[in-house]
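On the provided structure of chain A, position chain B as indicated by the hints.
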Amino acid sequence: MKLTKTLLATTALTVAAGMASADGHMASEMTIVSWGGAYSNSQQEAYHNPYMEKTGVNIINDSSSSEAVAKLRAMNEAGNVTWDVVDVVAADAIRLCDEGLAMEIDPDEHLAPAPDGTSAEDDFGDLIVSDCFIPQIVYSTTFGYRTDMVGDTPPTSVCDVFDTEAYPGKRALEKNPINNMEWALLCDGVAKDEVYDVLETEEGQQQALDKLATIKDEVIWWSAGADTPQLLADGEIVMGSTYNGRLFSVIEEQKQPVAMLWDAQVFDLDGWIIPAGLPEDRLARALDYIYFATDTQRLADQSKYISYGPARASSAPLVSTHADLGIEMAPHMPTDPENAKNTFLYNYEFWADYRDDIDAKFQAWLAQ
Amino acid sequence: MVALTPVERTEPSFYVPVVAAFGALAGLFVGTAQGSSLLGILVGAALMGVIAFVLTKVIKDERRGRLALLVALAAAGFSMGGIAAGIIGAAFGWFFGWMSFWLYESRYRQHLVPYLTPGQVLWHYTFRVICGAILVFLITPIIVVMPLSFNAEDFFTFTPEMLRFDPAGYSLKHYEDFFTNSDWQGALANSVKIAPAATLLSVAFGTLAAIGLSQPHVPFRRAIMAVLISPMIVPLIISAAGMYFFYSRIGLQGTYIGVVLAHAALGIPFVIITVTATLVGFDNSLTRAAANMGANPVTTFFRVQMPLILPGVISGGLFAFITSFDEVVVVLFVGSAGQKTLPWQMFTGLREQISPTILAVATILVIISIALLTVVEMLRRRSERLRGMSPG
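Here the protein sequences line up with chains A and B, keeping their order. Letter by letter, the first sequence follows residues 84 to 451 of this note's numbering. Letter by letter, the second sequence follows residues -19 to 372 of this note's numbering.
Isolated chain A, as found in the complex:
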């Protein structure tokens, strides 16, 4: 029975080793939830590593932000919140705040002031869209196109997406009404400042869907941010929408024949929340981390690794060059004046009120 004994011995050892390591790092660790991929990497470099060095706290990354709302609800129900700090988009932060799943933050008490003494509240300004939300970056959803598939006249306007004659080929759009409805109306002759007024009405929603229907056969619908870069690299699509940081990575890091179409880019915010109901010691650590990770220098540092704009006004002048490529990052920021000639700001109030309704219509339209 040598085999059995060896088996028993090895497994007993593994179990023991596993338990030892499991118990070992409970003492000073925190779980930070984010989006994974290049975005988590940028946070690791800019926030986590310096913080771990400074305090000795071990940070565990969990890439569950896309299901953060559902998971936080389940955790709350089970009475067992295991996350310490969570990275979510502003719309999710508003929902979590309304449901009491996120903790309210006082910017002036919990966040660092700017180096020149400006209070955190003024430094973040309008970007504090919810009492629970600590803004981190400004990102945009915009289009990228294959430079080798558009001929001699590259697209310059978002309406070129709807022009299948000038730019034949498949397009990638998010499987979601947000942004698509606005772009459709904009290209159907609705003035920019009237888009949301029109979208409030039944006819307006139908008008947007009708406009989208003109290219429906040519659209590949994406649901993960990584889809459009993959499709562009494949040459499967001629243009597609995704987050601007993903396109930056395709263009500058992967050197694919792709270019940005900044026209009518839609700004959105991403930032931190702290789950409600953390025990005293973990709450103190989470707040300490937030204070550290959202100061002016730290936010500017993140832009060395990914092309998202820092949420603090005081960080903008500190944006420097990419850590590996050495290129200036400022021209790749969605907030750069050259890129931001024509922009939209995600309308949180509108979508909070109309999301469910328009979502249902959009999904029904998709299934037709």
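It is worth saying that the hints were derived from the structure and are not from the lab. Please read all numbers here as calculations on a predicted model, not as lab measurements. Glycine included, C-beta positions come from ideal geometry on N, C-alpha and C.
Where chain B lies over chain A, by a calculated footprint (3+ residues, C-beta under 8 Å):
| id | segment |
| --- | --- |
| 1 | 144 to 150 |
| 2 | 162 to 173 |
| 3 | 305 to 319 |
Only chain B this time, still in chain A's reference frame:
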């Protein structure tokens, strides 16, 4: 080999349409790749029909005709799309040359018994084609992944360099990423820590349960069996959600022990089933004989019963191991980021960032699985040989 069946050459009205039909199928693939399926079908059918006729009726010399076709299609493929297309063209050339003569010379009947009707001959080959197609559909997705994992770019794309077999199109960087990236290494370490522990628990409890349930005097055997097997039958997501809320209440959610217990519960049914199956052939008089000679039940189990049911225990253990090693749903619920296993890391990787590192990991896992199965099969044959159960 003696031809059992008298054969004679067939008429062009038979073999030309058949070759043309296969030509249409090949044309469909080539045409789709070039942008027009319909044109591909028509051109493929016409071209291959004509080629079959020319080969058999005009050229007649089989060796030279087939060689010429192979070279011609290889050249055509090469001019269309480089080396890779050239190889595909050569394969087509070989196949259609072979098929034309195979049908023309009635070779397809040669090795079959003479009394089969045409319908039976057709079914004979259709059956083989269906079996082959099933294997192809099962194995192709796994095979395709392997060359892609050597991609020099960060996308799931066969680049032009790769198709030209240019060394610059290939790299080991995704393997390097797997072995140096702390996320992947952490996930690997967790998987390696969780799976053996879960397997040991499954094997221990599953074997005991199977032995107990095979005793005729145990009451409610069927009911108990049904309860123990249920993790295999209940949809995984239901078990996972249930475990999440239960484990949260008793403080096991997000702990190493919690994940091990959850995986053990999933593995136990596999062990029970395989061990119960081997126990059917176990002769209970052996345990009575051992008891008669003074062995206590524990000694009897380890010295008499265990060696005989070991194959069932090992294959059950293997299934339990693979269940834990491949499992993603339950660990997403029961585990926390500290217990992130390989499948979890692959799952998030695929959603957040499509990186060929996933393919490199998949390739490594496939190779490990093959090695594991080979070792188990060799062990099994060895033990059979040692016990004189098979002559090999």
